[in-house]
Amino acid sequence: MNTLYRSMLGGRSGLIGLAILAGLLLIVFPLLLEPFRLNMMGKYLSLAFVAIALVMCWGYGGIMSLGQGLFWGLGGYCMAAFLKLEAARNIASEAGTDQIKALSTVGLPDFMDWNQITELPWFWYPFKSFPLTLALMIVVPTVIAYIIGTAMFKRRVGGVYFAIITQALCWAMEILFVTRQGWTGGINGITDLRTLLGWDIRTPSAQSSIYFMTVVGILVCIVLGRWLLNSKFGRLLVAVRDMEDRVRFSGYDVANLKTTVFCIAAAMSAVGGAFFVLNVGFMSPKLVTIEPSIYMVIFCAVGGRMSLIGAVYGTLAVSYGRTFFSEEFPALWYFLMGSVFILVTMVFPDGLAGAATRGVPAAWRWLTRNFREPPPAPATAAVKEAQP
Amino acid sequence: MTAKIALALLLAASAGYSWDEIKGVMIMQGFAGLSLFSIFLLMALGLAIIFGQMKVINMAHGEFLTMGAYTTVFLSWLCESYAPGLLAWYFPVAMILAFFVAGSVGFLVEFAIIRHLYKRPLDTLLATWGLSMILQETFRQIAGARETSATMPEWLMGSLQPFEGVDIPINGIFLLGASLVLTVIVVINLYYTRSGLRVRATVMNRDMAGAVGINTRMTDRMTFALGCGIAGVAGAAFTTVGSISPSAGGLYIVDTFMVVVFGGAGSIIGTILAAFGIAQAQSVLEFFLSGVLAKVAVLLAVVFILMIRPQGLVVAKIRK
Chain B
257 MNTLYRSMLG
267 GRSGLIGLAI
277 LAGLLLIVFP
287 LLLEPFRLNM
297 MGKYLSLAFV
307 AIALVMCWGY
317 GGIMSLGQGL
327 FWGLGGYCMA
337 AFLKLEAARN
347 IASEAGTDQI
357 KALSTVGLPD
367 FMDWNQITEL
377 PWFWYPFKSF
387 PLTLALMIVV
397 PTVIAYIIGT
407 AMFKRRVGGV
417 YFAIITQALC
427 WAMEILFVTR
437 QGWTGGINGI
447 TDLRTLLGWD
457 IRTPSAQSSI
467 YFMTVVGILV
477 CIVLGRWLLN
487 SKFGRLLVAV
497 RDMEDRVRFS
507 GYDVANLKTT
517 VFCIAAAMSA
527 VGGAFFVLNV
537 GFMSPKLVTI
547 EPSIYMVIFC
557 AVGGRMSLIG
567 AVYGTLAVSY
577 GRTFFSEEFP
587 ALWYFLMGSV
597 FILVTMVFPD
607 GLAGAATRGV
617 PAAWRWLTRN
627 FREPPPAPAT
637 AAVKEAQP
Chain A
-11 MTAKIALALL
-1 LAASAGYSWD
9 EIKGVMIMQG
19 FAGLSLFSIF
29 LLMALGLAII
39 FGQMKVINMA
49 HGEFLTMGAY
59 TTVFLSWLCE
69 SYAPGLLAWY
79 FPVAMILAFF
89 VAGSVGFLVE
99 FAIIRHLYKR
109 PLDTLLATWG
119 LSMILQETFR
129 QIAGARETSA
139 TMPEWLMGSL
149 QPFEGVDIPI
159 NGIFLLGASL
169 VLTVIVVINL
179 YYTRSGLRVR
189 ATVMNRDMAG
199 AVGINTRMTD
209 RMTFALGCGI
219 AGVAGAAFTT
229 VGSISPSAGG
239 LYIVDTFMVV
249 VFGGAGSIIG
259 TILAAFGIAQ
269 AQSVLEFFLS
279 GVLAKVAVLL
289 AVVFILMIRP
299 QGLVVAKIRK
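Going down the list, the sequences are from chains B and A. Sequential numbering of the first sequence, starting at 257, is according to the numbering used here. Sequential numbering of the second sequence, starting at -11, is according to the numbering used here.
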């Protein structure tokens, strides 16, 4: 029990950080924010899954993936495909006759109908079943990550090259999804999603339930991530990042380690994509291209690449700032965000988390320099509370 | 290339064209591939220095291109408003000016940002992405969000007709010529001058280069500025074939990186080969598939080849 407490929750300081995050997301936000803003937070949090995945993959493993949008998007598309088929079935069964007449093929997603596809493509069949959808949502991105990972890491492609290759793959997927209109909905993506197993996901109450589900998902991912990173696997990851050859010479299969963490990151990102679809009710290829994928890395960098909790704050801060500034001062946003990226990489390579864990104690010591005996315990508590 | 010519021949023969017309189609198709090649080469040359030699992932490379293009547009506007007589000859001046504008901005960027990040190459990606956002918004504020284009001098317009049925656009020839001249300049600069020697020495062994009296910090700064300046010239050359918008640079960045990575970082010959190979592959495939699918096929093929040959086509002989 004690070891589990240490490894999964990160001991007392880790538990405090987790509790503050949970309190903020589960109590403070729902109480303070109106439903529209809360739904927006849900949307941002579904991106935080990727940021957490990147902390494991990039911060600890040293594998920078610029194509994480690919996995996030695949997860999202799987969920969207299920919801779309359900929506199509509902239209067929309950709608008026004129709507039925408007569709040449009953039970087929509308965009297929618009593209003169009369029969459901074979790879859409599994998305008729919910359990199968959930399984595919995880399995498809993981298998693709496994293929990419084995192919690249076995050949010792790494660092910058890996980043650029993942970026190219992400781009290739976007092009495919945009051009195969009849199969994927093209540039518009999969829209007009209404119900999940008969439960209308567009009502305010459903939206807030989905928000809470997203938060729980985030917390589970953090705990899972902590457990992994505190295990021997996590130690090895850091070792691979810092001195890959030595780990290899010690007899470990480095390619296998890297592939494993890349697969875990892909699966985690895919879950985030699925939550995104539930939160906003659509999926579009514009959300999974190069630029969103770079943003995902930036969330992670701003939050702190070595901190799972920091990644969540980083995502919320950057996304919220983006929305706020593009509503209020659209021109200023680019200047501000650009400078933030430059500043974060140059001055705070450890992001918000680094600033909080190092900057705040330093400031505290400086402020209390005239009082010789500030007990250390309140100092660490102050750090954690100042973190949000 | 040969497949394309064979296909063109087949098509032409089946449609009952005469031999002269077939020859015309062949030349024009070959030239379309060469145009794409010169575009890729122009884009990649600057990056081959910055990324290939210095290992800096400059995501703002496209913006330096845009900067050169806007310099040209500005100069053409200046000529048009104040000295219409000079309109015929402003273009070479614009290319030189584009070099110095982009180069001096690159110099400042290296001083302000890049030099702090040499130990962390992946972080240069994030910082330069931020830089590209700032530069794009600056262009938008100064030049407006709409697409603009430079007024071309008379001698760059129209097309050559070496013989009946063949139309070769002059701006295409100009672009090809510009890319070849620029490549020669870069190669001479890197391999046959003292400053190029200093650059290569610094890249190969920084400490040793410093020990024999090379100012490595200054070399870094000049190298980065040179790469940015070349991007600026490329941007100026691009105004002959298309219009320019603030976010145009971002469209090219992935292609450019793929060319440099595929060719083998650190090798100019590799970059030329990769630009040629990717351009020809793409224009051949565009014959069979739609344009975007050809793009996907080429991307996947490049990734696959990189998997087999992670160092790229040409491996620079550097002892690590």
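Think of the hints as simulated: they come from the structure by calculation, not from any bench. Worth double-checking, as some hints may not be accurate.
[Unchecked claim] Derived SDA-like pairs: lysine to any residue, alpha-carbon spacing no greater than 25 Å straight-line:
#1 410(B) to 289(A)
#2 107(A) to 442(B)
#3 299(B) to 623(B)
#4 43(A) to 76(A)
#5 410(B) to 239(A)
#6 43(A) to 562(B)
#7 43(A) to 299(B)
#8 542(B) to 288(A)
#9 283(A) to 442(B)
#10 43(A) to 275(B)
#11 107(A) to 205(A)
#12 410(B) to 542(B)
#13 299(B) to 469(B)
#14 410(B) to 387(B)
#15 299(B) to 520(B)
#16 410(B) to 288(A)
#17 488(B) to 469(B)
Taking the hints in turn, this is what the structure says about them:
Using a Cα cut-off of 25 Å, the hinted pair residue 410(B) and residue 289(A) holds, with the two alpha carbons roughly 18 Å apart. Proposed proximity of residue 107(A) and residue 442(B) is contradicted: the alpha carbons are some 42 Å apart, above 25 Å. Proximity of residue 299(B) to residue 623(B) is assessed by CA-CA distance (about 39 Å); at most 25 Å being required, the pair is judged violated. As the CA atoms of residue 43(A) and residue 76(A) are separated by approximately 40 Å, the hinted pair breaks the 25 Å bound.
For the hint linking residue 410(B) to residue 239(A), the alpha-carbon distance of about 31 Å lies beyond 25 Å, and the restraint is violated. Restraint check for residue 43(A) and residue 562(B): the C-alpha separation of about 24 Å stays at or below 25 Å, so the hint holds. For a cut-off of 25 Å, the pair hint linking residue 43(A) to residue 299(B) is broken: about 36 Å separates their Cα positions. For the hint pairing residue 542(B) with residue 288(A), the CA-to-CA distance comes to about 20 Å; that is within 25 Å, so the pair holds.
Between residue 283(A) and residue 442(B), the direct Cα distance comes to roughly 17 Å. Compliance with the 25 Å bound is thereby established for this hinted pair. Distance restraint check for residue 43(A) and residue 275(B): the Cα-Cα separation of roughly 42 Å exceeds the 25 Å cut-off, and the hinted pair is therefore not satisfied. Annotation: proposed proximity of residue 107(A) to residue 205(A) holds, straight-line Cα distance about 13 Å (limit 25 Å). Distance hint between residue 410(B) and residue 542(B) is unfulfilled; the C-alpha atoms sit about 32 Å from each other, more than 25 Å.
About 12 Å separates the Cα atoms of residue 299(B) and residue 469(B), which keeps this hinted pair within 25 Å; it holds. Of the pairs offered as hints, the one joining residue 410(B) and residue 387(B) is violated, with about 33 Å between alpha carbons and a cut-off of 25 Å exceeded. For the given pair, residue 299(B) sits about 22 Å from residue 520(B) by alpha-carbon distance, which is consistent with the 25 Å threshold. Proximity of residue 410(B) to residue 288(A) is assessed by CA-CA distance (about 18 Å); at most 25 Å being required, the pair is judged to hold.
For the hint pairing residue 488(B) with residue 469(B), the CA-to-CA distance comes to about 30 Å; that exceeds 25 Å, so the pair is violated.
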